[in-house]
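Q: Please model the complete structure; the sequences and the hints are all you need to start from.
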Amino acid sequence: MDALPDHMRPERSFQGFILALQRFWAEQGCVILQPYDMEMGAGTFHPATTLRALGPKRWNAAYVQPSRRPKDGRYGENPNRMQHYYQFQVIMKPSPPNLQDLYLKSLAAIGVDSSVHDIRFVEDDWESPTLGAWGLGWECWCDGMEVSQFTYFQQVAGVECAPVAGELTYGLERLAMYVQGVDRVYDLNFNGREGDDKVTYGDVFLQAEQEYSRHNFEYADTTMLFEQFKMAEEACRKYLAAGWREGGNQKEHLMALPAYDQCIKASHVFNLLDARGVISVTERQSYIMRVRELAKACGDAWVHTEAGRAV
Amino acid sequence: MPDLLLELFSEEIPARMQAKAADDLRRMVTDKLVAEGLVYEGAKAFATPRRLALTVHGIPARQPDLKTERRGPKMGAPDAAVQGFLKATGLKSLDEAKIQKDPKGDFYIALIEKPGRAAIDVLAEILPVIIRIFPWPKSMRWGARSAKSGALTWVRPLHSIVATFGPETEEPEIVKFSVDGIEAGQTTHGHRFMAPAAISVRRFDDYEAKLKAAKVVLDPQARKDIILADAKELAFAQGYELVEDQVLLDEVSGLVEWPVALMGSFDKEFLSIPDEVIRATIRNNQKCFVVRDPKTGKLANKFILTANIEATDGGKVIIGGNERVIRARLSDAKFFYETDLKTKLEARLPKFEQIVFHEKLGTQAERIKRIETLAAEIAPLVGADVAKAKRASQLAKADLLTEVVGEFPELQGLMGKYYAQAQGEDASVAAASEEHWKPQGQADRVPTDPVSVAVALADKFDTLAGFWAIDEKPTGSKDPYALRRAALGAIRLIIENSLRLPILKAARSALSGQSVKADADKLPGDLLAFFADRLKVQLRDQGARHDLVDAVFSLGGQDDLLLVVRRVEALGKFLDTDDGKNLLAGTKRASNILSIEEKKDKRTFDGAPDVALYRLDEEKALAKAIDQVKSEASAAVAKEDFAAAMSAMAKLRPAVDAFFDKVKVNDDDPKVRENRLKLLNEIRSATRAVADFSRIEG
Chain U
1 MDALPDHMRP ERSFQGFILA LQRFWAEQGC VILQPYDMEM GAGTFHPATT LRALGPKRWN
61 AAYVQPSRRP KDGRYGENPN RMQHYYQFQV IMKPSPPNLQ DLYLKSLAAI GVDSSVHDIR
121 FVEDDWESPT LGAWGLGWEC WCDGMEVSQF TYFQQVAGVE CAPVAGELTY GLERLAMYVQ
181 GVDRVYDLNF NGREGDDKVT YGDVFLQAEQ EYSRHNFEYA DTTMLFEQFK MAEEACRKYL
241 AAGWREGGNQ KEHLMALPAY DQCIKASHVF NLLDARGVIS VTERQSYIMR VRELAKACGD
301 AWVHTEAGRA V
Chain P
1 MPDLLLELFS EEIPARMQAK AADDLRRMVT DKLVAEGLVY EGAKAFATPR RLALTVHGIP
61 ARQPDLKTER RGPKMGAPDA AVQGFLKATG LKSLDEAKIQ KDPKGDFYIA LIEKPGRAAI
121 DVLAEILPVI IRIFPWPKSM RWGARSAKSG ALTWVRPLHS IVATFGPETE EPEIVKFSVD
181 GIEAGQTTHG HRFMAPAAIS VRRFDDYEAK LKAAKVVLDP QARKDIILAD AKELAFAQGY
241 ELVEDQVLLD EVSGLVEWPV ALMGSFDKEF LSIPDEVIRA TIRNNQKCFV VRDPKTGKLA
301 NKFILTANIE ATDGGKVIIG GNERVIRARL SDAKFFYETD LKTKLEARLP KFEQIVFHEK
361 LGTQAERIKR IETLAAEIAP LVGADVAKAK RASQLAKADL LTEVVGEFPE LQGLMGKYYA
421 QAQGEDASVA AASEEHWKPQ GQADRVPTDP VSVAVALADK FDTLAGFWAI DEKPTGSKDP
481 YALRRAALGA IRLIIENSLR LPILKAARSA LSGQSVKADA DKLPGDLLAF FADRLKVQLR
541 DQGARHDLVD AVFSLGGQDD LLLVVRRVEA LGKFLDTDDG KNLLAGTKRA SNILSIEEKK
601 DKRTFDGAPD VALYRLDEEK ALAKAIDQVK SEASAAVAKE DFAAAMSAMA KLRPAVDAFF
661 DKVKVNDDDP KVRENRLKLL NEIRSATRAV ADFSRIEG
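If you read the protein sequences in the order shown, they are chains U and P.
Taken in order, the first sequence gives residues 1 to 311; the numbers are from the numbering used here.
Taken in order, the second sequence gives residues 1 to 698; the numbers are from the numbering used here.
In silico SDA-like cross-links for lysine to any residue, where the CA-CA straight-line distance does not exceed 25 Å: (1) K316(P) / E146(U); (2) K351(P) / V278(U); (3) K360(P) / S286(U); (4) K105(U) / M194(P); (5) K302(P) / V182(U); (6) K148(P) / E252(U); (7) K148(P) / A310(U).
It is worth saying that the hints were derived from the structure and are not from the lab.
Quantities reported herein were computed from a predicted structural model and do not represent experimental measurements.
A: Dropping the structure here:
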């Protein structure tokens with residue numbers, strides 16, 4: 001790698017950190033995507049993972065995805081818990097035989113040297129009830145801290161993965177905090193500059209954390225949200241129903257992506273309602289089921305699209 | 001004789017699965033070898049996070065030749081049967097078959113000789129099958145091959161296989177097989193970070209040694225020993241002692257191939273959190289050990305981690321990183337603990353109205369109310385203060401709603417005690433939060449404080465009554481609500497505290513508190529029978545004879561478990577004496593005669609014998625002895641002095657012996673016969689003062 005200016009070095013700046021990861025995975029042949037333009041709880045929801053993980057076609061991609069977890073808001077008062085944070089997501093289908101090695105090299109690329117750090121793969125079976133998905137893998141530990149999730153997808157949206165995709169999810173803030181040596185996420189150096197030019201993570205996001213925590217826990221309009229959930233659910237089903245075509249000798253679907261957007265929407269609206277505490281324990285399960293049904297129907301549609309089906 | 005070396009090298013195997021996997025591998029390979037006629041001398045299996053390894057030594061180089069006989073059709077059987085027989089056995093014609101004589105008709109026998117195969121060929125056949133069917137708790141597909149059906153599944157991606165076979169003195173051969181594209185060979189790899197290069201291995205000796213040189217300790221026990229010894233030494237060097245933790249040690253040894261123990265510390269301010277919370281935080285989340293100060297017995301602000309590498313900086317960065325994480329975790333724990341302390345336990349109770357205990361048994365709040373009522377009823381019987389028992393019942397479950405217990409469920413009860421103490425509750429009331437859950441199992445301690453005992457019993461009786469009322473009793477191996485454990489817990493509480501607690505009455509009270517309608521006539525008896533069964537199991541485990549327990553329970557109305565146990569003990573001792581043995585024999589003889597005659601006459605011989613019909617002195621003597629023994633034994637039983645009751649019984653023996661010696665029961669005079677049978681019946685009923693002798697074996 002050619003010499004980077006200091007302010008772009010991964011251990012100096014949050015943005016340099018992200019760029020280093022993007023550059024590393026670009027070199028492994030991944031397409032570097034931009035975040036999906038919808039609110040979602042995890043990078044896995046991005047159609048580049050959820051839908052592209054399905055079907056036989058090769059797919060290698062990496063991207064940053066803002067993750068919204070309304071319930072995790074702490075009004076900016078917790079040193080590392082936030083309702084909005086970044087995940088860096090890598091998906092490789094089929095999973096390459098050296099995926100663990102690639103992952104370790106990516107850590108080296110962001111300044112984590114495996115000769116002084118204790119890096120471990122600790123069992124963690126991944127399951128997303130809302131996505132109808134599961135996989136086996138690990139949480140990756142660096143000196144006792146969980147820094148990534150590593151999963152071999154076995155099933156997504158109710159569809160068996162054939163071939164299996166490997167998914168890596170990096171908790172960007174947490175890793176960057178470690179690399180920069182700060183204990184409070186808001187103290188992260190965002191742009192790598194010093195003095196008056198320095199911009200911290202707190203400069204960028206602290207106010208947002210406070211405002212959204214207020215919104216998520218106290219003011220989010222629940223009447224509207226309940227309505228939105230229903231609308232998204234109905235729209236998803238409507239688009240799915242409208243998308244089927246009898247093409248040649250096989251069934252085709254022409255609107256899996258727009259339908260899946262509504263599934264993402266429903267999932268986020270549910271998370272907001274959950275944060276507002278207006279969903280009882282028993283109802284909770286049924287909402288999760290409803291989103292899962294949407295996800296499964298979208299998965300089924302996707303494998304009948306150009307990108308999702310065989311040849 | 002040759003040895004087998006097998007290694008299955010994969011991505012990281014979950015720690016909790018390693019020991020069983022190693023065992024399964026050994027069992028499956030050796031079972032199959034034996035089934036193939038290859039009886040080996042010894043086998044040992046190992047696991048690390050990245051490999052399962054097996055060595056089997058002393059395998060014969062070849063299978064023995066197999067001679068089998070196969071029975072064919074009778075002579076003169078239809079041609080189709082003959083042709084089928086020839087085809088199945090490979091004989092060219094019936095001339096090659098032997099003929100066996102048989103009274104039902106002679107038939108053909110084929111002698112099939114199967115020459116033994118080379119063991120290495122057998123291995124090449126069985127190993128891939130074992131890999132294919134290996135019983136991982138959860139397995140997965142991976143990579144490009146996962147698109148095809150029939151792809152290999154393994155716990156995590158399998159990368160390579162070592163399989164060599166040969167005698168100690170020669171260069172071993174590779175067992176040639178492949179599984180889903182992975183060819184068996186003799187190449188493996190060392191430590192992921194410290195020695196990742198390929199290693200060529202020949203047999204187990206050099207395999208284990210080369211791995212060690214490549215920073216892999218193959219034997220899990222050796223890794224445990226290293227971790228334990230190093231951790232103890234680190235602690236000792238600082239004047240502390242390690243808090244040993246076998247479960248954690250097992251897990252940690254499955255997370256490293258090259259264990260390196262390192263010590264870190266945390267801020268002393270965190271020592272204000274209860275030790276158990278610190279330990280749970282550090283252990284569960286970080287898989288680190290804690291150490292204590294031997295002088296005070298309290299935790300010190302240190303922890304011991306087990307790294308997987310010898311870091312080039314001596315572990316400074318690793319310790320620093322772990323300290324940061326532990327600091328953050330302890331900050332959370334401290335925050336939880338302090339938050340919990342701000343809310344009184346009773347203030348949490350209304351929340352229980354929203355929490356369902358069981359859909360048919362109402363909310364937790366209702367259950368707590370029932371426990372309170374029942375505990376108040378039980379309190380006087382166990383010497384507990386009623387007000388305290390009620391207060392303790394109200395608070396006992398409240399810690400389930402605290403942050404710390406939410407985070408560490410294993411601290412339920414204990415945290416309740418701490419929080420109760422912190423809010424100034426009476427010591428017994430506070431203790432009950434922890435103790436009322438006990439005893440959890442056979443090894444667990446039984447509480448003795450009367451308040452704890454009252455709440456513990458109320459809790460268990462309510463659970464049992466509730467699930468009995470909705471007919472969710474344990475069946476076979478299924479006991480999802482741990483009702484057997486609840487009953488056994490109640491039994492131990494009663495017996496070990498020498499409590500007088502009539503089960504039927506307690507069961508009736510517990511049932512009447514349930515909101516579901518229960519069969520108030522039948523269920524208490526059912527529950528008592530369940531208790532009797534559990535008690536039998538318990539006594540049998542302690543070495544008592546289960547038939548004696550039966551003999552006591554079959555007297556009926558025995559719902560005072562303490563008395564049942566005492567009676568069983570006294571009976572056991574009595575039956576060990578000559579008097580006891582002979583009386584038992586006499587009683588059995590009486591019972592046998594009676595049952596035969598009862599059957600013959602199709603009637604029973606109840607009722608008092610007629611004094612006027614006694615003909616012999618022995619009859620009179622027996623009648624007198626029975627009267628005397630009956631009244632003495634009953635009086636002793638009434639005083640609960642079972643030893644005295646047994647001594648009284650002993651007095652019956654000479655009279656019974658003399659009676660059988662001299663008196664012919666089946667007298668020719670039917671009246672005399674009837675009278676004598678009635679007398680025999682009296683023996684039986686006299687002994688029933690202490691037990692139903694007919695239930696006693698021997």
